[in-house]
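Enquirer: FYI, in our numbering the residues of the sequence shown are 2 to 259.
Just so you know, these hints were derived from the structure itself, not from any lab. Ideal placement from N, C-alpha and C gives every residue a C-beta, glycine not left out. Check the hints yourself; a few may be wrong.
[Unchecked claim] Cross-link-like lysine-lysine pairs, in silico, DSS-like; alpha carbons within 27 angstroms at most:
id	residue 1	residue 2
1	LYS145	LYS99
2	LYS57	LYS153
3	LYS57	LYS42
4	LYS99	LYS42
5	LYS153	LYS88
6	LYS57	LYS145
7	LYS145	LYS65
8	LYS65	LYS42
9	LYS153	LYS62
[To be verified] Label pairs and their in silico Cβ distance ranges:
id	residue 1	residue 2	range
10	ASN191	ASN155	15 to 23 angstroms
11	GLN167	GLY38	38 to 46 angstroms
12	SER225	VAL151	17 to 25 angstroms
13	ASN70	GLU176	27 to 35 angstroms
14	MET130	GLU176	29 to 37 angstroms
15	SER180	GLY55	30 to 38 angstroms
16	GLU237	VAL54	19 to 27 angstroms
17	ASN234	ASN191	29 to 37 angstroms
18	SER181	SER85	23 to 31 angstroms
19	GLN226	GLY38	34 to 42 angstroms
20	LYS149	ASP192	19 to 27 angstroms
21	SER225	GLU87	30 to 38 angstroms
22	GLU37	SER181	21 to 29 angstroms
23	ASP192	LYS153	34 to 42 angstroms
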Amino acid sequence: MWRISVSILLIIGLTQIGLAGELEGLIGLWLFDEGEGEVLKDLSGNGNDGQIVGAKWVGGKFGKALEFNGSSYVEIPASDSLNSIEKEISVLAWVRVKNWANWARVVARGNWTPAMDQYQFLLLLGGSMGDIGFCVSIKGERAKYAGKPVLKMNQWHHVAGTSDGQQVKLYVDGEFLGSSGSAAPINRVNDEPLTIGCGYANNSRASFFSGDIDEVAIFNRALSQEEIRGLMNGLEQLIMAVEPGSKLTTVWGEIKTE
Numbered sequence: 002m003w004r005i006s007v008s009i010l011l012i013i014g015l016t017q018i019g020l021a022g023e024l025e026g027l028i029g030l031w032l033f034d035e036g037e038g039e040v041l042k043d044l045s046g047n048g049n050d051g052q053i054v055g056a057k058w059v060g061g062k063f064g065k066a067l068e069f070n071g072s073s074y075v076e077i078p079a080s081d082s083l084n085s086i087e088k089e090i091s092v093l094a095w096v097r098v099k100n101w102a103n104w105a106r107v108v109a110r111g112n113w114t115p116a117m118d119q120y121q122f123l124l125l126l127g128g129s130m131g132d133i134g135f136c137v138s139i140k141g142e143r144a145k146y147a148g149k150p151v152l153k154m155n156q157w158h159h160v161a162g163t164s165d166g167q168q169v170k171l172y173v174d175g176e177f178l179g180s181s182g183s184a185a186p187i188n189r190v191n192d193e194p195l196t197i198g199c200g201y202a203n204n205s206r207a208s209f210f211s212g213d214i215d216e217v218a219i220f221n222r223a224l225s226q227e228e229i230r231g232l233m234n235g236l237e238q239l240i241m242a243v244e245p246g247s248k249l250t251t252v253w254g255e256i257k258t259e
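Could you put together the complete structure from these sequences and hints?
Expert: This is the structure we're talking about:
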């Protein structure tokens, strides 16, 4: 009875505040609120759970987060839902940088080198202190936008990159930093894992992140600035019920009562 009541309230709440549309195209949703264990659960309903390797549970922007020490990471196997990313994409995350590294990966999929057609997208930072960038691979070419130094060490920042098949756009703390031209379709890398806290180069993990990461989400469509700003307020409050194919169902209430 409790779970049924929670389900009804969640669906009504989402409808009333107009959030159902924001769930469209949701591929993965990781709240980082487990607080223990070695599995990072995907709450999108698509089953994109990740294996935590070496990262430590800490207090987050919302609830818990994972601290990455420059050699730790989360790896999520390839899946049909991840492979559905073709023309558009959005990647969002909260980050708290503790040490700058040379273009450390926040969220990435694919092998950066030796060939550009072996990776799909990168949300990365740190070419110089405070820089942030988003990059997608298109027919063996890189479509990217690298923002000016805006991130401050030891402070939480929301970072988001989108591509709509025409432009790559970058946002920090809900503010639009800039864009560059791109062209669809985004490169497909069906066998490559998704990584949080590192990337791949020459078929080995590389470009490790040092700091904390919380609330990561991936969509197979380009979110608007308004949508990104709304999702900054805490994904637990906004996205509580999804299943593959973007049809609403209630899973979050059940997880919270287990």
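Enquirer: Each hint should be assessed against the structure and marked as holding or not.
Expert: Right, here's what the structure says about each hint:
1. Simply put, LYS145 and LYS99 have alpha-carbon atoms about 24 angstroms apart, close enough for the 27 angstroms limit, and the pair holds.
2. Restraint check: the Cα-Cα separation between LYS57 and LYS153 comes to about 22 angstroms, which is no more than 27 angstroms; the hinted pair holds.
3. Between LYS57 and LYS42, the direct Cα distance comes to roughly 15 angstroms. Compliance with the 27 angstroms bound is thereby established for this hinted pair.
4. Among the hinted pairs, LYS99 with LYS42 is consistent with the structure: their alpha-carbon atoms are about 25 angstroms apart, no more than 27 angstroms.
5. Restraint check for LYS153 and LYS88: the C-alpha separation of about 32 angstroms exceeds 27 angstroms, so the hint is violated.
6. Taking the CA atoms of LYS57 and LYS145, the gap is about 31 angstroms. The hint is violated against a cut of 27 angstroms.
7. The straight-line distance between the Cα atoms of LYS145 and LYS65 is roughly 31 angstroms, outside the 27 angstroms bound, and the hint therefore fails.
8. Between LYS65 and LYS42 the alpha-carbon distance is near 13 angstroms, which keeps this suggested pair within the 27 angstroms criterion.
9. At roughly 15 angstroms between alpha-carbon atoms, LYS153 and LYS62 fall within 27 angstroms of each other, so this suggested pair holds.
10. Judged by the Cβ atoms, the range 15 to 23 angstroms given for ASN191 and ASN155 is violated: they are separated by roughly 38 angstroms.
11. Checking the proposed 38 to 46 angstroms range against GLN167 and GLY38 shows it holds: the Cβ atoms sit about 41 angstroms from each other.
12. The hinted window of 17 to 25 angstroms between SER225 and VAL151 holds, with their beta carbons roughly 20 angstroms apart.
13. In this structure the supplied range 27 to 35 angstroms holds for ASN70 paired with GLU176, their Cβ-Cβ distance being about 29 angstroms.
14. In this structure the hint that MET130 and GLU176 lie 29 to 37 angstroms apart at CB is violated, the actual value being about 19 angstroms.
15. Checking the proposed 30 to 38 angstroms range against SER180 and GLY55 shows it holds: the Cβ atoms sit about 35 angstroms from each other.
16. Between GLU237 and VAL54 the C-beta distance comes to about 25 angstroms, which sits within the given range of 19 to 27 angstroms.
17. Roughly 34 angstroms separates the CB atoms of ASN234 and ASN191, a value that falls within the hinted 29 to 37 angstroms.
18. Between SER181 and SER85 the Cβ separation comes to about 24 angstroms, which falls inside the hinted range of 23 to 31 angstroms.
19. Checking the proposed 34 to 42 angstroms range against GLN226 and GLY38 shows it holds: the Cβ atoms sit about 35 angstroms from each other.
20. Take LYS149 and ASP192: their Cβ atoms lie about 36 angstroms apart, and the range 19 to 27 angstroms is violated.
21. Distance hint check for SER225 and GLU87: the Cβ-Cβ separation is about 20 angstroms, which falls outside the suggested range of 30 to 38 angstroms.
22. The supplied range of 21 to 29 angstroms is broken by GLU37 and SER181, whose beta-carbon atoms lie about 41 angstroms from each other.
23. Checked against the hint of 34 to 42 angstroms, the C-beta distance between ASP192 and LYS153 comes to roughly 38 angstroms, which is consistent with it.
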